[in-house]
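Participant: Position chain P relative to chain G; hints supplied.
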Amino acid sequence: MADHLLRVTSLHKHFGGIAATDDVNLSVEQGRIHAIIGPNGAGKTTLIAQLSGQIRPDSGDIEFGGHSIVNYSTARRARAGLARSFQITSVVMPMTLLENVMLAVQGTGSHSFRFWAPVKHDTALKDAAMASLAEVGLDDRAGRIAANVSHGEQRQLEVAMALAMKPRMLLLDEPMAGMGKEEGSAMVEILNRLKGSITILLVEHDMDAVFSLADRLSVLVNGHIIATDSVENIRGNNEVQRAYLGDGYA
Amino acid sequence: MSWLPANWSTRIYALLLLVLALAPFIFTWIGQPFYLDLLSRALILAIAVISLNLILGFGGMVSLGHAAYIGIGAYSVGIPSYYDYYNGWLHLALALTVSAVFALVTGAISLRTRGVYFIMITMAFSQMVYFTFLSLEEYGADDGLVIYSRSEFPEFISMEGATGLYYWIFALLLASLYFVHRLVHARFGRVIVGSKYNEQRMQALGFNTYRYRLVCYVISAMMCSLAGMLLGNFTSFISPDMIGWARSGELIFMVIIGGVGTLFGPLVGTIAFVVLEEALSAITIYWHLIFGIMLVALVLYGKGGIHGWLSLLDRKEEDRG
Numbered sequence: 001m002a003d004h005l006l007r008v009t010s011l012h013k014h015f016g017g018i019a020a021t022d023d024v025n026l027s028v029e030q031g032r033i034h035a036i037i038g039p040n041g042a043g044k045t046t047l048i049a050q051l052s053g054q055i056r057p058d059s060g061d062i063e064f065g066g067h068s069i070v071n072y073s074t075a076r077r078a079r080a081g082l083a084r085s086f087q088i089t090s091v092v093m094p095m096t097l098l099e100n101v102m103l104a105v106q107g108t109g110s111h112s113f114r115f116w117a118p119v120k121h122d123t124a125l126k127d128a129a130m131a132s133l134a135e136v137g138l139d140d141r142a143g144r145i146a147a148n149v150s151h152g153e154q155r156q157l158e159v160a161m162a163l164a165m166k167p168r169m170l171l172l173d174e175p176m177a178g179m180g181k182e183e184g185s186a187m188v189e190i191l192n193r194l195k196g197s198i199t200i201l202l203v204e205h206d207m208d209a210v211f212s213l214a215d216r217l218s219v220l221v222n223g224h225i226i227a228t229d230s231v232e233n234i235r236g237n238n239e240v241q242r243a244y245l246g247d248g249y250a
Numbered sequence: 001m002s003w004l005p006a007n008w009s010t011r012i013y014a015l016l017l018l019v020l021a022l023a024p025f026i027f028t029w030i031g032q033p034f035y036l037d038l039l040s041r042a043l044i045l046a047i048a049v050i051s052l053n054l055i056l057g058f059g060g061m062v063s064l065g066h067a068a069y070i071g072i073g074a075y076s077v078g079i080p081s082y083y084d085y086y087n088g089w090l091h092l093a094l095a096l097t098v099s100a101v102f103a104l105v106t107g108a109i110s111l112r113t114r115g116v117y118f119i120m121i122t123m124a125f126s127q128m129v130y131f132t133f134l135s136l137e138e139y140g141a142d143d144g145l146v147i148y149s150r151s152e153f154p155e156f157i158s159m160e161g162a163t164g165l166y167y168w169i170f171a172l173l174l175a176s177l178y179f180v181h182r183l184v185h186a187r188f189g190r191v192i193v194g195s196k197y198n199e200q201r202m203q204a205l206g207f208n209t210y211r212y213r214l215v216c217y218v219i220s221a222m223m224c225s226l227a228g229m230l231l232g233n234f235t236s237f238i239s240p241d242m243i244g245w246a247r248s249g250e251l252i253f254m255v256i257i258g259g260v261g262t263l264f265g266p267l268v269g270t271i272a273f274v275v276l277e278e279a280l281s282a283i284t285i286y287w288h289l290i291f292g293i294m295l296v297a298l299v300l301y302g303k304g305g306i307h308g309w310l311s312l313l314d315r316k317e318e319d320r321g
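One line per chain: the protein sequences are G and P, in this order. Read left to right, the first sequence gives residues 1 to 250 (our numbering). Read left to right, the second sequence gives residues 1 to 321 (our numbering).
Pulled out of the complex, with its shape left as it was, chain G reads as follows (with noise of 0.2 Å):
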């Protein structure tokens, strides 16, 4: 067996009568991109939400570098390297994308309750902040609100932000959510620039993007993962284009 960074097991979590997450298995390798693609309502972003600690699973483990997580709140969670960013954009919108970006690198440090140093002359913290907006091709757009910047680039904010956590694993839920085609492809490339040095579990609808970036793909179907394997299985897999796929990727 390989090193595994994340190893979920047989993790449950119903909303009612409806099995959100069914007997969820899954392990992700240090540094690969792991994919879990599914149909809407799939019950993806609910996973990626018990990964990140917003939502308390009914029963079942979460191990993040050897540790079970499943008892971590979300700000501890993040504190240990597990990095999420938000399908719905989820920044701070009066802020400009650096003092965007500067919060997720105080959030790094050991603790934020200095009362009187202007950050504005942080450099520490500035650095940082740019060169993780440098890394999202974001750094020549610093000094402007994230409130006034277009829907991708808040998208790429929000990776940004998640870099800058310096994390050792991201969770990215549907980081092209919304992107027409250009923004989409800049923002595989951005992923592929970072392939091998973070590990990655990606939430993705775009299946040209998946197919590109991920190592390995899991396929969820009604909060239950039907088959998890390399990308060119999954594409040969019948059961799982009668699922999902369908035709046009036979």
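Keep in mind the hints are simulated off the structure, nothing from the lab. Just so you know, these numbers come straight off a predicted model, no measurement behind them. Using N, Cα and C, we set each Cβ at its ideal position, and we do this for glycine too. Treat the hints with care, since some could be wrong.
Beta-carbon label-pair distances, calculated as ranges [stated by the list, open to error]:
| no. | chain 1 | residue 1 | chain 2 | residue 2 | range |
| --- | --- | --- | --- | --- | --- |
| 1 | G | 56 | P | 246 | 49 to 57 Å |
| 2 | P | 292 | G | 111 | 39 to 47 Å |
| 3 | G | 58 | P | 89 | 51 to 59 Å |
| 4 | P | 156 | G | 111 | 29 to 37 Å |
| 5 | G | 233 | P | 105 | 53 to 61 Å |
These stretches of chain G come out as covered by chain P in the derived footprint (C-beta under 8 Å, 3 or more residues) [said to hold, decoys possible]:
| no. | region |
| --- | --- |
| 6 | 71 to 82 |
| 7 | 94 to 108 |
| 8 | 114 to 122 |
From the derived model, a few chain G residues whose C-beta atoms are all more than 10 Å from chain P [what the hints assert, rightly or not]:
| no. | residue |
| --- | --- |
| 9 | 9 |
| 10 | 54 |
| 11 | 127 |
Facilitator: Just chain P, lined up with the frame of chain G:
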């Protein structure tokens, strides 16, 4: 003229502070010493409103119980004075300690709730303080308590004269403004402001938002108790009436009139509130009605309050460099 602040709003605030610094002389000059009384009261309330704005405006925590901390500050002067302890440092230590402890305990509970529940629970705690003071027969209960002599700080100018007390108030006002300015631009303040707009994101970034909010709440309460301490000295008479929940509501109005989440908004909002109250009540006994209509209009149409209007004078800045 490069020494002038770039923005018109900043210039107006600088001018306002200059006028406030010279106010005792101006009022003597024009022969209206009563105005100094009015202004002293306004600036004391402004400190309370600045403290409320720290949690409400910058932190998104709408507290309807901040008057309780005015009460704690005022009684920290009143009760020791009742036993002839006039040492100002004692009053100060008492005000800061009691308000900090009370804020820590009640904040720890209140901050587990959000929105309207937070409003109600902070109001409930402040009513507890109100009824506690109301039931203290020894200290006058609802008849109130007379303070015969003001806090004594032998190291500084005396609070006894109207002008001396005014400069105490003015100095603490400046300190409050500067303190809030530093706080919101420091790491701590960035977390507080970020949590106002997007708490989920802040948690995902690794911040225990509850802890930061609690500390902010305690700081705000301690600042507010300073206003209470000044008010006790200023009025020389304190009663539970000054800390009812209606007073807490007035403080929220003052924040809104001035401009939520801005540095100088609370100051101009409070001055406007106090001056309007005074002017309208001189015209008619039905002034509450007029005042009420003005407040409703302001909340509905006056987006951004007085600070918002002043900012219209500034060069439009879409983004920051």
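Participant: Against the structure shown, which of the earlier numbered hints fail to hold, in ascending order?
Facilitator: Numbers 1, 10 - these are the hints that the structure violates, sorted from lowest upward.
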